[in-house]
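Chains as they are written, first to last, in the numbering used here: chain F, 1 to 124; chain L, 1 to 165.
Since the hints were made in silico from the structure, they are not lab data.
Among these hints, one or two may not hold up.
As the list claims (entries may be wrong) - Just a few of them, taken from the derived set where beta-carbon distance is under 10 Å, the chain F residues facing chain L:
id, residue
1, S35
2, G46
3, P53
4, Y77
5, G83
6, E88
Treat the numbers as computed from the prediction; the structure is a model and nothing was measured.
Where is the CB? At the ideal position from N, CA and C, for every residue including glycine.
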Amino acid sequence: MQRRHLTIALAGLGILGLAGLALPGPAEAHHGWGSYDASRTLTLDGVVEKVVPDNPHAELVLRADGRSWQVILSPPYRMANRGKAIAEIKAGDRLIAVGYASKQHENEMRAERITHNGVTVELR
Amino acid sequence: MEHAPLDHPLLVGLEQSALGAAMRQSLVLYPGAEVLHILGFALLVGSIVGFDLRVLGLSRHLPVAAFARHSVPLAMLGFAMALPTGLMLFSTEATSIAANPAFQFKLVCIFAGLANAALFHLGPWRRMRDWDSGIPAPRAARIGAGISLCAWIGAICGGRLIAYF
């Protein structure tokens, strides 16, 4: 009887864990790379309109191809660590962002790398 | 932002507080809080899972009262680490995180886990010496242990999935 309860409990645990993995993950937020269309690389060469240097992910608005793109970067600490502190990027600067368009939000992209003032940094 | 933010004054106040601003702007506060939050809930849930499995019948030779004296303070320490760091992380985007269904699920799980622990203390805990070792735990204790496992594991799943909803 005892062993059966334990087996049931452990099975329940396993099911819960699997359910956690199987939940419809990338539905909404712009975290993770799954919600971006990696099959098509996007290169945006434009002018920075706005910088949001916040945790957990820095973002900027980039005017390119006649549109304002919301560009999702990496955590600010990673950017600084890789040689391009977000504080160096100002509105009005020219910036090239290479990345992938969001599958959910129009004019949103997640940057794989950016080039600013001759410095290219990988953000993934 | 997908879910309409909850603009309750408390949430707005927290988000606009010096804490929220510092969490968003500092390079190290956010990752630091994340590390401590994970250490805290690892200790919390790890200790609880060990104890719950003992109540469910695993390693029945281990005296359950002694096991509880070992596990419960560790779980409390873990909770004491996870709570303030969780509040710090929450403060960065309080209005939108509060509206996030994964976060709401996590909160329900945490409250269920805490209420269940309180009930356990009021009930089976008091007669724990009657089934200290080698004896199956009473049904109420086993049900409580099962609820506890589901609640705390659910809390971790919900927390991790905030970023995906």
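Here is how each hint holds up against the structure:
no., hint, in the structure
1, S35, "holds (8 Å)"
2, G46, "violated (23 Å)"
3, P53, "holds (7 Å)"
4, Y77, "holds (5 Å)"
5, G83, "violated (14 Å)"
6, E88, "violated (13 Å)"
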